[in-house]
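Peer 1: Fit the two chains together into the complex; they arrive one by one in their own frames, and the hints show the way.
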Amino acid sequence: MSSNSEITRNGLWSNNVALVQLLGLCPLLAVTSTVVNGIGLGIATLITLVLSNTIVSLIRGFVRKEVRLPVFVLIIASVVTIIELAMKALFYDLYLVLGIFIPLIVTNCAIIGRAEGFASRNPVGPSALDGLMMGTGFLVVLALLGGLREIIGFGTLFANAELMFGDGAQSLTVVLNQDYPGFLLAVLPPGAFFGLAILIVAKNWLDLRPAEKPEPAPPLPEGA
Amino acid sequence: MIAISRRQILISGAFLWLFAVVGTTLVAVTEFSTADAIVENERRVLLRNLLALLPADRLDNDIANDTLELPPSPLLGTETRSTAYRARLQGEPVAVIFNSVAPNGYNGRINLLVGVNVDGSVAGVRVIKHAETPGLGDGIEIRKSPWIRSFDGKSLDNPDAAGWRVKRDGGEFDQLTGATITPRAIVAAVRNTLLYYRQNADMIFE
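Going down the list, the sequences are from chains A and B. Just so we're aligned, residue 4 is where the first sequence starts under our numbering, counting upward by one. Just so we're aligned, residue 518 is where the second sequence starts under our numbering, counting upward by one.
If we strip away everything but chain B, and leave its shape as in the complex, we get (with noise of 0.2 Å):
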C-alpha cells in the first residue's frame, strides 16, 4: 500500500471540489436559458390535450390558467393534489376537464383527462399516460383506436348505473380484443368522475 500524503488528498479533494462547482454551473446556466423554452412547451403540450377534448369555438377564455387545485379525492382517483381547467364561453361556464386516475388499469395507474360539460354529461376522455400491453390495452389511446370516443356524451342517467359497465358485466361499453380489465378500469373511473362533478357542481364554477 503506498501511503498518500494529506497534501495529496488535499489536492485530489479540491481538484474534485472544482469539477462539481463547474459541472453544477453550467447546468445551472443552461437549466436558466431553457427554462422558458420547456414552460413553454408544457404549456403547448398541455392546451393540445385540453382542447382536444373541447372544440376551440365553444370556449373562448385562456384555458390552461383558469385552474382549480383539488384536494385529493377517491372518487377522482387521486392521491395528491390535482388541477382542473375550466372552459367559459363569454364568462358562461362551459365544462370542466379533470385530471382523473384509474387506478386499477391492468399495469397500474392510467392517467386521464375527463372533460365533464356543465350539464353533467362528458365532453370527451383522453388517456395522459399509461402502461398497458402494446397491442392489447392501447387501444385506450385515440392513435390506436376510437374506443375512448365511446364516453362522449354519456352522464350518469344515460346509461343507468347498471348500464357504467363493460359488455362482459353487463354493461354498455365494448370491451377491446383481448383486454377487459383495461376498459373496465376506464369506465369506473370516468363514471367517478361524473359523481365528483355532480357533488361538487357549485364549488368547481363558483
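Just chain A, with the same shape it has in the complex (with noise of 0.2 Å):
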C-alpha cells in the first residue's frame, strides 16, 4: 500500500513511465514533433490510464487469475475505442493529426503496466490517483519533448493550437524567430531521440547532483 504523496511522487518523477520505466515510446517519439500534438497524445492516454486503472480496480475482487490479463486488454480496449470515437466527433482535426496513433494506445505497455502492477492490487482511490500522476508523468514528458523539437526543428511554439482549442487558439502560436531556416533533424525520428536521451540526463543530473536539501535524492529505481 502506497500513501498518496507516494504515488504521486512515483507517478511524476521518480517512476516517470517516459524517462524512467521507458514505456509507450513509439507514440512518444512519434507524435512528439510539436507541443499541440504531444499533448493531444498525452491527454487521450492520461484519460486511458485514469480509466482503466479505475475499472481493473474496481473489478479486482472477483476477476480470476487466469482470465484477468484478457479480461484487462478488453477494458483497455474498448475504453480506448471510446476515447478515439468522442476525439473523432469533438476534435477532428486534431484526430486527423494523432489518429493513426489512438488505437496504438491500446499497446502502450504502461497501460497494462499500471493495470497489472498497480491497480489489480490497490483500492479503487489509490489506483485513479496512480492512473492521474503516470499519465500526467507521460504528458509532461510528451508536452516538454515536443516544446523542445518544436523550438529547435521549427522556432515556433504553440503551432496548430487551434487544432486543439478551436480558432480562438490561433494566437497562441509564438514564432520566435521569423526567419529561422528550420532543424531538420530535430523533426526527423533521431531529433525524438536525442531530446528525450536530453530529458533523461536532466532528470538524471537532478537526481544526483549533491543534495542540498537535508533529505538525499532517492536512488534510481531499476527499470520495469
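Because the hints were derived from the structure by calculation, they are not lab data. C-beta: ideal position from N, C-alpha, C; glycine also. There's no promise every hint is true.
Stated by the list, open to error - Covered stretches of chain B (chain A as the covering partner; in silico rule of three or more C-beta atoms under 8 Å from a C-beta of chain A):
id : region
1  : 531-537
2  : 547-553
3  : 558-571
4  : 604-613
Peer 2: Structure below.
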C-alpha cells in the first residue's frame, strides 16, 4: 500500500513512465514533433490510464487470475475505442493529426503495466490517483519533448493550437524567429531520440547532484 | 501443476464473455451516439478541402453531394474506385475535382485533390495525404510553401508536353530545394489527371 504522496512522486518523477520506465516510446517518439501533438496524445493516454486503472481496481476482487490479462486488454481496448470515437466527434482536426496513434495507446505497455502492477492490487482511490499521476508524468514529458523539438526544428511554439482549442487559440502560436530556417534533424525521428536522451540526462542530473536539501535524493529505481 | 476443475473453467469463460459483452455494448453505444457528429466533421473537412480549390462564388450547388464514382484508372493513379465532385453554377458545369494519386512519391503514394475547370485548365491542386520528408518534400503542402499553386491555370496546351516536367528535366515547374522526386511525381500526376479529364469530359458532366 502506498501513500498518496508516494504515488504522486512515483508517477511524476521517480518512476516516470517515459523517463525511467521507458515505456510507451513508440507514440512518444512518433508524435512529439510539436507541443500540441504531444499534449493531444498525452491527454488521450492520461484519460485512458485513469479509466483503465479505475475499472481494473473496481473488478479486482472477482476477476479470476487465469483470465485477468484478457480482461484487462478488453477493458483498455474498449476505453481507447471510446476515446477515439469521442475525439473524432469533438476534435476532428486533431484526430486527423494523431489518428493513427490513438489505437496504438492499446499497445502502450505503460497502461497494461499499471493495470497489472498497481490497479489490480490496490483500492479504487489510489489506483485512479496512480493513473492520473502516471498519465500526467507521461503528458509532461510528451509536452516537453514536443516543445524542445518544435523550438529547435521549426522555431515556433504552440503551432496549430487551434486544432485542439478552437480557432481562438491561433494567437497562442509563438513564432520565436521569423527567419528561422528550421533544423530538420529535430523534426525527424532521430531528433526524438536525442530529445528524449537530453530529458533523461537532465532528470538524472537533477537526481544525482549533491543534495541541497537535508533529505538525500532517492536512488534510481530499476527499469520496469 | 494445479488441476483446474471444469466448473472453474466455465466460470472463467463466462466471466470473460460477460466482459466482452459489456465492453462491446459500451463501444456500440458510443459509436451510435457519436456517428452523426463524425459524419458531419468528415463532411466539413471535405467541403473545406473542396472549396480551397474553387472560390465559393464560382459554384452554387452542393458540391460535396454532387459526386461521381469513377472506376480505377491508371491516369488518376487509383487502384480502387474514387470519387469526383462536380461544381455547377445555375446548373451549368463549372469544374470537377478529382481524387488523384501520385503513386511514385519519394515515400510512396501522394493523395491529391485536382480541380479541373470545364475548359480543361487546372483550377487548383492540394495535397491531401503524403509521407514525404519533413523539411524537404513537404514543401508540397500549401501551409509550408506556395509551390502547389504553380499549377493554377495550366492546361495540356499550356505548357506543352515537354513543359510538363520539373526544371531539372527541362520542363517549366520548379523543383523544391533538396527534393526533385516529390515534385516530379506530382507534376506527372496532375498532367495525367488533365489527360483523364480530356478523355472522359463527356461522361463526367453527362
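Peer 1: Can you list which hints this structure breaks, lowest number first?
Peer 2: 4
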